[in-house]
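Enquirer: For reference, the chains in residue letters:
Number of protein chains: 2
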Amino acid sequence: MLNRREMLAAMAASGLYAGPVFAATRFTPGADGFVLASRGQAPAAILVDPQDLPGVARAARDLAQDIGRVCGKDAVVLHQGDRLPARIVLIGTLGHSPLIDKLAAGGRLDVSGLAGQWESWITQTVAHPFPGVDEALVIVGSDRRGAIYGAYDLSRSIGISPWYWWADVPVSRRDHIAIARGRHVQGPPAVRYRGIFLNDEAPCLSSWTAEKFGGMNAQFYGRLFELMSRLRINYLWPAMWNNAFAVDDPANAALADECGIVMGTSHHEPMMRAHKEWTDNHQLYGNGAWNYATNREGVRRFFREGIERNGNKEAIITIGMRGDGDTALESTGSLASDVRLLETIITDQRRIIAECLGRPAETVPQVWVLFTEVYKYYNAGLKLPDDVTLMFADDNVGNLRRLPLSSERDRKGGFGIYFHMDMHGGPFSYQWINSNPLPKIWEQMNLAHEYGANRIWIANVGDLKPLELPIEFFTAMAWDPKAVDKDRIAKWTRDWAATQFGQTHAQEIAILLSRYAKYNAWRKPEQLSPDTYSLENYGEAERVCAAWDELVVRAQAVDAQLVPDQRDAFYQLVLYPVLACANLNHLYAAAARNRRFAQQARASTMAEAAEVRRLFRRDRELRDHYNLQMAGGKWNHMMDQSHIGYFDWYPPETDIMPAVSEIELGPDESFGMAVDGSSHSWPGYYLPPSLPTLDSLSRRKTYIEVFPRGATMAPVTVRADQPWVIIREDQAFGVSPHDRRYWIDVDWQSVAPGMSEATITVKGSATVKARLTAIRATAQQEREAKGAWGGLAGAFCVPATGFARSVEARGVRWEPIPDYGQGPAAMSVFPVTAEPFPDPATAPRLEYEIFLAEAGSYHVDLVTSPTLEVYPGRHLAVAIGLDDSAPVTQAVFTPEAGAAQDFLGSRHAANTAANARRMPFTIKPDRPGRHVLKLFMHDPTIVVQNIIIYRSDLPQSYFGPPPMERG
Amino acid sequence: MLNRREMLAAMAASGLYAGPVFAATRFTPGADGFVLASRGQAPAAILVDPQDLPGVARAARDLAQDIGRVCGKDAVVLHQGDRLPARIVLIGTLGHSPLIDKLAAGGRLDVSGLAGQWESWITQTVAHPFPGVDEALVIVGSDRRGAIYGAYDLSRSIGISPWYWWADVPVSRRDHIAIARGRHVQGPPAVRYRGIFLNDEAPCLSSWTAEKFGGMNAQFYGRLFELMSRLRINYLWPAMWNNAFAVDDPANAALADECGIVMGTSHHEPMMRAHKEWTDNHQLYGNGAWNYATNREGVRRFFREGIERNGNKEAIITIGMRGDGDTALESTGSLASDVRLLETIITDQRRIIAECLGRPAETVPQVWVLFTEVYKYYNAGLKLPDDVTLMFADDNVGNLRRLPLSSERDRKGGFGIYFHMDMHGGPFSYQWINSNPLPKIWEQMNLAHEYGANRIWIANVGDLKPLELPIEFFTAMAWDPKAVDKDRIAKWTRDWAATQFGQTHAQEIAILLSRYAKYNAWRKPEQLSPDTYSLENYGEAERVCAAWDELVVRAQAVDAQLVPDQRDAFYQLVLYPVLACANLNHLYAAAARNRRFAQQARASTMAEAAEVRRLFRRDRELRDHYNLQMAGGKWNHMMDQSHIGYFDWYPPETDIMPAVSEIELGPDESFGMAVDGSSHSWPGYYLPPSLPTLDSLSRRKTYIEVFPRGATMAPVTVRADQPWVIIREDQAFGVSPHDRRYWIDVDWQSVAPGMSEATITVKGSATVKARLTAIRATAQQEREAKGAWGGLAGAFCVPATGFARSVEARGVRWEPIPDYGQGPAAMSVFPVTAEPFPDPATAPRLEYEIFLAEAGSYHVDLVTSPTLEVYPGRHLAVAIGLDDSAPVTQAVFTPEAGAAQDFLGSRHAANTAANARRMPFTIKPDRPGRHVLKLFMHDPTIVVQNIIIYRSDLPQSYFGPPPMERG
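If you read the sequences in order, they're chains D and Y.
Residues 1 to 967 in the UniProt record's numbering are what the first sequence lists, from first letter to last.
Residues 1 to 967 in the UniProt record's numbering are what the second sequence lists, from first letter to last.
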């Protein structure tokens, strides 16, 4: 099924999947090299020195089975005393595998540079390594995870997706597997600890584990640890709401240690103890209060037990203290006294660590997480021991809040990032589906990397599924950020798609994967409402629905071409998100129409109500297919998360259908009409209808909609009194075939330059006249507007990428981040660590050619990403200037008044919900015609998506006017 | 049917209906006096001198028929040359009726004091007035309306309701009518011109007149003028949207003049011309623009034609100019230039008046109306000729904006008031039903009277029906304000009810009439939404529904006892408004439950959706009965006005059912619970449920609701862990019998003084524990709280009338206005013309005994009426003080920022929608226990309804906590 040659060609440039072993793997029958497996022969046997560290043998066993998955017969894992066959795969840890060490000492294995490295390995073919062995493929790790990752790297290279079990990705069968001879070095990773946090695991993960494993026990965690190791994720915050990792199954912690998983606990669970352990037993500790000021001894004993229990199992110990259950610390009265209390807590915690483990605290990895309100203690000057990793949490919506200052970077413990791909909490929850476009993850995590927050990266991944794609991307970036630059995200996605589904559809699937996440990030599904996209202006709601419809058609076309055993993987990774999110957007559009149509007294109001009910049922059918049909019900409950009808920050108890209305039908034969750009209807509204002005530069069309108000409608005619008006009948946006749309366009050749007026008469049971104004550019206007953005009437949008010139300064320049934000790309400043340019005159800039029909004053709304001022002392400013006028510099207003608030205030919440922030500027052209709009860098890390330019009021819409075709 | 004796007893004290003739009327068979009619005899004949003024003979003919309605045989109206019978009723105008003048000259008729009076008359029996005539009942008017009103006064006295035709009020048949001999003087009225404005007449009045009369022609206006004269309404602004009084039927204007109706045109239609005349023909006038700056000659000609056409028919000519069709004047660039333009317009208009009528303009009644934006021109110093009446418009919602300063009051033209009982426009429309409680009309119009705005009162009455009651009240006040003081409004209403329905049910009907209007004024039906009344807090929504339910029961009980021919009148005047408004309040409550229950995942969500649909249908059934069944369809279309689903200031094109939602049912057997004071539900919400604290002083109860979330519910038990908790099962607020409420009360005898805690455990398919805190007062607290307002926990409300002491100063004091506002009465300052008291120390005050459980800081929200600062230079201030602490004076903030705005800004709009304004104060008791809260007058005309006192957050509700039972 996989066309190997195509895949290789596609993957050659990727540092992620086309690792050197991957590149050295040959499937062509008879291909030369170390023959791992070949039809008719036993696969090479796998050997691990029995003295090697735990976990290596486990990875070796997985590799043996993986070989079987590919070639039909598992490899033999050799045991002590077994006779060595002619071909073996030897896996081991340098300094812990006598077999390996012997080969190295004998000069047969080149381990130069490996010793002391973190999670690095060498894969090398060795001829005649041992007596009776013709050839060995040796995988030697600098440490045990190096060896483990080396084994799984071979698995991946021969075609085992890390998601083979977790996303039912089928394996391509091969008759022959050979590894070209040579020595391949991999590692170390850029980020030492790469983690995930299983969080807010009810109702999905907890119900699924209960049904499939009987709880979050070692059977479940074994599956998870295997996935993590295949993805080279080495750090875990385990599920903790109503779960206690170390207590629920005593085998859990031992298994983690065996598998080489570094355990931790979440930001609000210090000292290796789950919150649930406290809630279940708090009355046994002092006065039972989670309060260090009033129950110090009780809490200390609780802490001590955690460290003692964990012993020397590899861990990063979360220190500090928050409130009881992911809430803010109970204040002791003042910020200063709270800071002192926290310092006392941390001092005590480190004393406990040192006492229990019998070694200095600074030798034990620890992390203190600045989550939400915790920032204020740090900002107030809390002193943190230098060896503790200082972890900056994002804003819960994937926008980093803080990065290390250059003056801070040399702290011994380094810095970490706690990132969210899933959230249960403020400013709003999103737990259902993937709404994390990779370019956005890249843009923010690239800052983390470049600014040196590289010790730990951990992502809150909710129930794990359905975040397969962003989890792997996040981890891949952490492993090797340089391998995933902004211009190769699409390529990376394509390679990922090829890994799961083969080359044939990889490009198309990559588009589907990136688009559905991108559309979901316009506004997260949980934040959608009937109000989100405008029904009236810019055909916005229907454009969004059309974009989703296109994805549905393309996804269904791919689905129809896949072979049956790919279908389950495709449904969970691609088809379900596309269908369910498209359905959801249609649901809210139908609810919006129901409400608006009721206000317009359309008879189709009731048809739209029925459509809402149908789409609500459809959402459940899609979910039920995921839970109950897909993979034979293997993932039952994984899609239980409610996601429709949010009314607060937390998810609704059950999905709530958008409310729908009914009206009394009007008289038989009666009709109504509505026009583009207005919510009103006629006959009825007291002012006459007026259509948006059309102009020959913008080349937009407009429309009238005519609809029955009663059970029947008398014939209606739509006529213009001017020959240059072109009218074309169409179906209205909605489900009723009786609601008609009449597109109104202008035959620009037939109308004189300048302004012309026409009247469109709609005649049925009554007569309504709508006014249309058309402006044709004069010859001079046409000359001046050529190649420029802008028209003769109305607001217009210039995509940030639509510049005519980019002027760099001191090696700093604006560059596009492809596929980021609302349009095809967004512009940001690179390198991201550039110093600010306080003077626009010398700053990198973009120049946009624009055409303004009149002199006067214009609003310029800069649509930026809602990212935050990560670098204390900088204000994320940018400047706008027109022609040679003095540029005006403005600072992004976030976090503004909200800066002192735990969740950064309601304005930032609104910005994150909209995933955009508007910065208002003004320009004042002194003459009509062509101008140059200039965008000057001030601070790095700002991201500009669109520029909206308008004279007075901007019609209400979510995005503003759509970017025009270039004139 | 009418028990005459009871009626007389009831009406004796009323100056409105128990006029002297009414008091002199006897129905007892054989009663002495002038016998108007008696079984077996011809009624007294009616005589009008043929030379008398027009209109008098018309009233005489109506009287003749009215006598027939009462006694079964019309009186004969004598014509010139008829032989005079033994008993005659002679009606005439002093100085215009030779017959009358001869009697007066002969000393047979005492007309002393009558000549020169405005609309006055004498009703006197004269023995042997003419040869062959034994006795005459002479009705002599000081002017023709005096004579006309005299005739209708006799009609009313013998039992003809002014509404006999307009509200189908049946007439009681009598065998004998005698008028006790004597001389009865009536008039003149306090307000010279008492008017109504038929406005926004589509869809009701216009459709009704089209169907019943073929348009707004003289047949229709004849009916209207008769009603007006019976009600002594002498001034009319005719219907003008798509209607033109003088053009639609050329007989209209002549008929008005004949009937003694003073015609005018609305505030935005100057010079006796309808707006429609301009829109239909504007192209014939100059450049066709309604713009005095650019089309002066065209507009002048339009004006001139209006004055010429009206000639010497009695009128008050509206002068000035607004924009094209009840919009603001198009500005000429600055306020100063606009003022100059308006002065030019008025000068030109007066020149036209003088030229066309051939007499000085100052001899012709004129009015200039300060409507909405027009105030700004006056405030900017526009000079108005002294003889023009300056009419102050209210805020469109019945709150006066301006009253004459004492320094202004001697202007020759005097002042008028334009008042709204119906509105199509900003801040919101209310056109459906009567939402004008009489005490509010009294309170505001009493100010107009006392401050000398007495020349003209005109009310916008929409379609006229169903505003029968407030129209008559407004007019009655205008006739004789002293006869309707605030303490006699209930009495007046009872008398009005007795006039329409007889004495038996008058008291009950008066209560129904006043209550439904009062409840509608809490929030006008058009402004209701599912959000209006709180579902969670204070049982508010259910209290409102219960209040309506009580009216429904009482109204239906009356209806069942009425005789059949009273039913139509009762339906239109009482039953329909009660049923329809109760239904509407239930509709929104059901919609609110649907939404909240969906959020709580109640299985009953769908039952509430069905209830919304049922109540929406019921609204239409009630309307259809009014239109199609009642009085045989006589009033078809009068109830066509849409009133459900407002989404803007204008009414929806058709009624829009509140949107309803659906949810997916939860698992079988599952349940949820909710608690008083919270919108959350459990299992689900992350914080545990907590009930409002109960205390032994407030004696409130609280509740838990338990409901199925699936198709079935396992048995649920609700148990407390403390013996002092009393639990009583009940039906929850909603339609599903499966949703249960458990009332939680405390057996205060069984609980110790101080704070006690209990846990209520709800156990079914899951277990939920709710915490209850109860505070029992100590013996000292009980002593201190005795007779004081306040409790030990939570916010409390002190009704404004709940004072312990009222301290007057210089004859000024706080007094209750009964039945005003949210509670049984509101407090205002009398006399209303009192000067301000800037120093609280010497000001009239109210003292409230309150009990505060703790020392510290409390919010005090003074709930006042949203009336405006009618007296320039005063700020409607009031002061609050606690015990002997220094009082804090605050000015009502309206119109605040909105003062400069045409509609007084969004805050005033919100206040008028809520029909209340909250003024925030703070008190800081330095010890717990009993205190005296003092309310000091600063300015007159403020009205205080309630005082809400709370420590920190006030639970969201519409009214705040309900007034408690006095402790």
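Check before you lean on any hint, since a few could be wrong.
Which copy? The list can't say, so a pair holds if one copy fits it or any two copies do.
Claimed, not checked - BS3-like, lysine-lysine: derived pairs with alpha carbons at most 30 Å apart:
#	residue 1	residue 2
1	K486	K518
2	K486	K212
3	K482	K412
4	K383	K102
5	K482	K763
6	K701	K412
7	K763	K276
8	K924	K212
9	K276	K769
10	K763	K212
11	K383	K786
12	K376	K701
13	K313	K763
14	K769	K376
15	K786	K491
Bear in mind the hints are in silico, worked out from the structure with no lab data behind them.
Enquirer: Using 30 Å as the alpha carbon limit, work out where K482 and K763 are close: within a copy, between copies, both or neither.
Expert: The answer is neither: 65 Å in one copy and 58 Å across copies each exceed 30 Å.
Enquirer: I want to check one pair: K482 and K412. Are their C-alpha atoms no more than 30 Å apart within a copy, between two copies, both, or neither?
Expert: within (24 Å within a copy, 90 Å between copies)
Enquirer: Can you give me the call for K486 and K518, within, between, both or neither, at a CA distance of at most 30 Å?
Expert: Only inside one copy: K486 and K518 sit 15 Å apart there, 67 Å across copies, limit 30 Å.
Enquirer: As a check of your reading, is K786 near K491 (CA-CA no more than 30 Å) within one copy, between copies, both or neither?
Expert: neither (35 Å within a copy, 80 Å between copies)
Enquirer: Could you place K924 and K212 in one of the four classes (within, between, both, neither) given a Cα distance threshold of 30 Å?
Expert: Cα proximity of K924 and K212: none, with 66 Å in one copy and 61 Å across.
Enquirer: Under a CA distance limit of 30 Å, which applies to K763 and K276: within one copy, between copies, both, or neither?
Expert: between (70 Å within a copy, 23 Å between copies)
Enquirer: For the identical chains here, do K701 and K412 meet the 30 Å Cα criterion within one copy, between copies, both, or neither?
Expert: For K701 and K412, the Cα distance exceeds 30 Å both inside one copy (62 Å) and across copies (61 Å).
Enquirer: Should K383 paired with K786 be assigned to within, between, both, or neither, using CA atoms and 30 Å as the limit?
Expert: neither (61 Å within a copy, 57 Å between copies)
Enquirer: When Cα atoms must be at most 30 Å apart, do K313 and K763 count as within-copy, between-copy, both, or neither?
Expert: neither (82 Å within a copy, 42 Å between copies)
Enquirer: Using 30 Å as the alpha-carbon threshold, which applies to K276 and K769: within, between, both, or neither?
Expert: For K276 and K769, only the inter-copy Cα distance (18 Å) is at most 30 Å; the intra-copy one is 69 Å.
Enquirer: Indicate which option fits the pair K769, K376 if close means a Cα-Cα distance not exceeding 30 Å: within, between, both or neither.
Expert: Neither. Shortest intra-copy (61 Å) and inter-copy (35 Å) distances fail the 30 Å Cα cut-off.
Enquirer: At 30 Å max between alpha carbons, let me know whether K383 reaches K102 within a copy, between copies, both or neither.
Expert: This pair counts as neither: shortest intra-copy Cα distance 48 Å, inter-copy 112 Å.
Going down the numbered hints, you'll see the structure goes against 2, 4, 5, 6, 8, 11, 12, 13, 14, 15, while the others check out.
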